[in-house]
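Take a look at the letters that make up each chain.
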Amino acid sequence: MSSSFNESAEHMDVEYVAQLARLHLTPEERTLYQRQLDQILGYVDELKAVDVEGVEPMAHPMPRTNVLRRDECGTRGDREAVLANAPSVRHHQFVVPKIVE
Amino acid sequence: MSVLNEKTVEELSVLLESGACTSQEIVRDVLAEKNRIDPVIRAYVELDEEDALAQAVEADAARARGTAGPLTGIPVAIKDLLNVRGQSCTCGSKILQGYRSPYDATAVARLRSAGMVMAGRVNMDEFAMGSSTENSALQTTRNPWNTACVPGGSSGGSASAVAARMAVASIGSDTGGSVRQPASFCGCVGLKPTYGRISRYGLTAYASSLDQIGPITRTVKDAALLLGAMAGHDPMDSTSSPLDVPDYAASLTGEMKGLKLGVPKEYFVEGIEPEVDACVRKAIAQCESLGAEIVEVSLPNTRYATATYYILATAEASTNLARYDGVRYGLRVEGADPIALYMNTRAAGFGSEVKRRIILGTYVLSSGYYDAYYLRAQKVRTLIARDFSEAFARCDAIVCPVSPTAAYPLGSCADDPLKMYLGDIFTVTANLAGICGLSVPCGFTSGGLPVGLQILGAPFAEQKILDIGYAYEQSTAWHTEKPAIQG
Amino acid sequence: MNYHVTIGLETHIQLKTNSKIFCACANHFGDEPNTNVCPVCLGYPGVMPVLNEEAVHKTIRAGLMIGSRIGAFCKFDRKSYFYPDMPKNYQITQYDRPFCIGGQVEIEVDGRKKIIRVNRIHLEEDVAKNTHAATSSEVDFNRAGTPLMEVVSEPDMETPEEALAYLQALKQIMVYGGISECNLEEGNMRCDVNISLRPDGQEKLGVKAEIKNMNTFKGVFQALQAETRRQESILESGGSVRQETLRFDPDAGVTLPMRSKEYAHDYRYFPEPDLMPVVLDKDVIERWRSELPELPQQRRERFVSQYDLPEYDAAVLTADKHLADYYERAAAGTKNFKAVSNWVMTEVMRVLSEKGWTIEQFPIQADALAELVALADGKVINSNSAKEVFSILLEEPGASPKALVEKRGMAQVSDSSAIDAFVDQVITEQTKSVEDFRNGKQAALQFLVGQIMKLSRGKANPQMAAQALRDKIGSME
Chain A
1 MSSSFNESAE
11 HMDVEYVAQL
21 ARLHLTPEER
31 TLYQRQLDQI
41 LGYVDELKAV
51 DVEGVEPMAH
61 PMPRTNVLRR
71 DECGTRGDRE
81 AVLANAPSVR
91 HHQFVVPKIV
101 E
Chain B
102 MSVLNEKTVE
112 ELSVLLESGA
122 CTSQEIVRDV
132 LAEKNRIDPV
142 IRAYVELDEE
152 DALAQAVEAD
162 AARARGTAGP
172 LTGIPVAIKD
182 LLNVRGQSCT
192 CGSKILQGYR
202 SPYDATAVAR
212 LRSAGMVMAG
222 RVNMDEFAMG
232 SSTENSALQT
242 TRNPWNTACV
252 PGGSSGGSAS
262 AVAARMAVAS
272 IGSDTGGSVR
282 QPASFCGCVG
292 LKPTYGRISR
302 YGLTAYASSL
312 DQIGPITRTV
322 KDAALLLGAM
332 AGHDPMDSTS
342 SPLDVPDYAA
352 SLTGEMKGLK
362 LGVPKEYFVE
372 GIEPEVDACV
382 RKAIAQCESL
392 GAEIVEVSLP
402 NTRYATATYY
412 ILATAEASTN
422 LARYDGVRYG
432 LRVEGADPIA
442 LYMNTRAAGF
452 GSEVKRRIIL
462 GTYVLSSGYY
472 DAYYLRAQKV
482 RTLIARDFSE
492 AFARCDAIVC
502 PVSPTAAYPL
512 GSCADDPLKM
522 YLGDIFTVTA
532 NLAGICGLSV
542 PCGFTSGGLP
552 VGLQILGAPF
562 AEQKILDIGY
572 AYEQSTAWHT
582 EKPAIQG
Chain C
589 MNYHVTIGLE
599 THIQLKTNSK
609 IFCACANHFG
619 DEPNTNVCPV
629 CLGYPGVMPV
639 LNEEAVHKTI
649 RAGLMIGSRI
659 GAFCKFDRKS
669 YFYPDMPKNY
679 QITQYDRPFC
689 IGGQVEIEVD
699 GRKKIIRVNR
709 IHLEEDVAKN
719 THAATSSEVD
729 FNRAGTPLME
739 VVSEPDMETP
749 EEALAYLQAL
759 KQIMVYGGIS
769 ECNLEEGNMR
779 CDVNISLRPD
789 GQEKLGVKAE
799 IKNMNTFKGV
809 FQALQAETRR
819 QESILESGGS
829 VRQETLRFDP
839 DAGVTLPMRS
849 KEYAHDYRYF
859 PEPDLMPVVL
869 DKDVIERWRS
879 ELPELPQQRR
889 ERFVSQYDLP
899 EYDAAVLTAD
909 KHLADYYERA
919 AAGTKNFKAV
929 SNWVMTEVMR
939 VLSEKGWTIE
949 QFPIQADALA
959 ELVALADGKV
969 INSNSAKEVF
979 SILLEEPGAS
989 PKALVEKRGM
999 AQVSDSSAID
1009 AFVDQVITEQ
1019 TKSVEDFRNG
1029 KQAALQFLVG
1039 QIMKLSRGKA
1049 NPQMAAQALR
1059 DKIGSME
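Residue numbers (the numbering used here), protein chains in the order written: chain A, 1 to 101; chain B, 102 to 588; chain C, 589 to 1065.
Hints may contain errors.
[What the hints assert, rightly or not] Which bits of chain B does chain A cover? Going by a derived footprint, with three or more residues having C-beta under 8 Å, they are:
(1) 195 to 203
(2) 293 to 306
(3) 423 to 431
(4) 436 to 444
(5) 473 to 479
[As the list claims (entries may be wrong)] Taking lysine to any residue pairs in the SDA-like style, the calculated list, with each CA pair at most 20 Å apart, reads:
(6) A:Lys48 to B:Leu484
(7) C:Lys975 to C:Ile873
(8) A:Lys98 to B:Asp438
(9) A:Lys48 to B:Arg487
(10) C:Lys663 to A:Pro63
(11) B:Lys520 to A:Gln34
(12) B:Lys480 to C:Asp684
(13) C:Lys702 to C:Pro743
(14) A:Lys98 to C:Lys663
(15) C:Lys796 to C:Ile822
No lab work stands behind these hints: they were computed from the structure.
All C-beta atoms in this analysis are idealised placements derived from N, C-alpha and C, irrespective of residue type, glycine included.
Start from the sequences, fold in the hints, and give me the full structure.
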């Protein structure tokens, strides 16, 4: 268990990353996350010490291949149930603020 | 006075079968105990009494018709991130406010078809992100053994409800230890099956390549019964295993003679609480006295496991949680354009740990950092899995602590997420490698807090670790201990 | 200064399947909003994708048809970006391991043939459809999860005409392969283009602009023309083109910058953990290859050799797969292939263009047309009658041409004794014209034949009548 931090590790641009993740942060949150995430990045920096030369990345713990389904239709969805969950509905559609393209 | 709620699944099955009790009686006792204690423990998010009793009536009718199975009529509490048709599914978050699930998770559907009664949904860390259940946006759940302490997490509601006898059994999920660690903190049995053993369809995703559903029960046999009911291939989950499902419970031998148990030296290091260390070592000695051979094994990449886990889990989570945007379901906080809608909704709907992990996960996938963090972590994951397959070539199972500590006081990790992350060191490895793991009660600290023994098995070696756990459990009385709670 | 234009296309093509790519909802256009949806394609909590095997098959078939190499190890990835039409706010697509790598499409512009190379074809999920109202937009998720191929070309096109020809050729291949209907009105085929200009003689490519989301071929063509003009005038005036994303306003005929706020794009691709990789057996690929339908080019050549048609006929008939299918069905019922070709190319295509029909909407079945052609070809009816039968068939598509001819007594009179009787009558009545013909006036013969046709109410075989007239008048001394 190592809890030493590499202080020279990456300094995250929290504002930019939160924007990518569509998270609005208050100034207080930004300050807090900046400190905590820099600390966490300092910790995960230890992975840079591992020799991974020639090691295959693992995407699936129990890999299989060609898991496919037949091209068949199931029962039709219940539109009313689906729309009942929606915060804003008009004309049986989901409403969002106007999209500009 | 409630009694049936104190019985195990196995005991209730016998009672029901013999006609000594009905499902309605069991459910009533569970409800009574819940109403007595839960105002203190706060394990349940919601328990629709009418609905649970209606299911019990149906279960009793099935038994009268002769169509009942061994689990028919036994109630089970569900962690609130499994979809249960017609019920809400909060995931411990504000962002799913108003959401009602139109479908049953496969695991839930299988428990239903085995006749079990879906009796309430229990609290958890928001989106399963946490190790103390303090990250729930809904309520603070307490440890039945000491209500000033956390129940562990993220399946803290499951473990505390089962330990407090207000649930007979519960279903949780384990992404980095979220079944095993709260089971350990609350003195329960917790099983994390092999990745793919139980379908994840309907389990709200935290980290898709690590998540696995598992039971939290009072005995190993109960865990085996519930595993058997839920396991098996599901065409709705491409990652579910097509391997046959044995009758785990019926096959339990209670023998560990001749089995080789590996003790990883990297799991007994400084930082581990001395009392926890002592309990686990004593349990290992007990296994030896039961005929197991103890061998030392090495899992040298364990030291990188926490870092690897937090990179991979948060990366996957950052995409899995992108769907909560206020458009199709759940909370919505209006904005002038879609982006503002998203930013406002997600700012208001997610709690601070979730935001932190989403930001970390977004960062490690972002352009310029992917290779250094995400890809590298995937490679280290390979090394960690390789450690295990080498170790399992030398032993039948690995025995070690579940957590470096017993349950800690509420609030002690509040401002130090990294400290909490480091507590996951002994559990995240199983999720990274995809293997199965079991937590079994193995003693108490001097402060009266439970300690768990972790038994790790090779992929799909559930039968073996259940056997070891069962043999150990039957030779001790830890699982019969019960917390005293003032309602 | 002259400029060299470089154009590359990213073409999105919806696959023709029964169900969506990752769930069992119908892949069907035009239904009531949000009726073909389920928890999976709405991105509900807890749902998981399961890959539709037919979508894989069709994508690989598309690749085989254009000569792609099929990836040995193919996988899916998550591409993150937030947009209201995206149920999970990430799209499941293929980043670095697509199904099809390389390939080419042959085009012909102004008689000049050219190869356009294809970089890759990958498979992904389509997004929902947005409709814009005054202050808000509405989202219909029926389209979300439709299997969508993205065909990425190399920047091998140099004019808008070439881009148009490429799209037409690509469409033809996809329709031929049964991969997609490529119905543009239904949005089956949508296109993003990249275009850059550089002065003649310069090696280095110019700065490119991307024009997104075009759903008509005409739109692509006009947008490329407009964008060429725009970039040309920027370069002419000494300015430099900005790398940006544009949209085409078809009404104004100009390209405009996207109005949406500019945010940095960072798609954060990573392997989709919920789907397993696809590793296709070589035997499976070879079997699929052996089942490939004919390519348009091959069919054109076969039409020339098998039906002995002129190049021109073969080209016209095979331009549209369904028309070629129709021709082949009709040709199977006759011996005179050229006659069928003439009928299809003149009468059938005339009606199609008048009515705005596709060949699938054409009411006269191919076997009925074959019967009609056989009747005309066997001189059972003459050409006027044949056209009349054709018109009747348009009104009564189920009718049998043979039965119609019989019922209406339209059969041509080819019985020589009957014709002789008409000839005798006409020679007796039209002495002046007979005299003119004997004096070498050929037009008089046409008049006399016309009289016979009149007497026979159009049914006499005009060639036989003319011959009989010649014989009779010639023997009159």
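query = Can the restraint linking Lys48 of chain A and Arg487 of chain B be considered satisfied, given a maximum Cα separation of 20 Å?
reply = holds, 19 Å
*Establish whether the coverage given for the segment 293 to 306 of chain B by chain A is satisfied; the threshold is a Cβ-Cβ distance below 8 Å, and no fewer than three residues must meet it.*
With 3 residues in contact (Cβ-Cβ under 8 Å with chain A), the coverage given for the segment 293 to 306 of chain B holds.
Exercise. Between Lys48 of chain A and Leu484 of chain B, is the straight-line Cα distance small enough, at 20 Å or below?
Worked result: holds, 14 Å
Does the structure keep Lys98 of chain A and Asp438 of chain B at a Cα separation of 20 Å or less?
holds, 6 Å
Q. According to a criterion of three or more residues whose C-beta lies within less than 8 Å of a C-beta of chain A, is the segment 473 to 479 of chain B covered?
A. That given contact holds, which follows from 6 residues of the segment 473 to 479 of chain B lying within Cβ reach (below 8 Å) of chain A.
**Message:** Next pair to validate is Lys98 of chain A with Lys663 of chain C; report whether the Cα-Cα distance is within 20 Å.
**Reply:** Violated. Lys98 of chain A to Lys663 of chain C sits at ~35 Å, over the 20 Å cutoff.
Q.
If you count the residues of the segment 195 to 203 of chain B with a beta-carbon closer than 8 Å to a beta-carbon of chain A, do you get 3 or more?
A. holds (count 4)
- Query: Is Lys480 of chain B within 20 Å of Asp684 of chain C, Cα to Cα?
  - Reply: Holds, at about 18 Å.
Hinted pair Lys520 of chain B and Gln34 of chain A, Cα distance within 20 Å: Satisfied, since the Cα-Cα distance of roughly 17 Å is no more than 20 Å.
**Prompt:** Is the Cα-Cα distance between Lys975 of chain C and Ile873 of chain C 20 Å or less?
**Reply:** Status violated; Cα separation ~49 Å.
- Message: Need the status of pair Lys663 of chain C, Pro63 of chain A: alpha-carbon distance at most 20 Å?
- Response: Roughly 12 Å separates the two Cα atoms, so the pair holds.
Point to revise | Given pair status - Ile822 of chain C, Lys796 of chain C, alpha carbons within 20 Å | key: holds, 13 Å
Hint check: violations occur at hints 7, 14; the rest are consistent with the structure.
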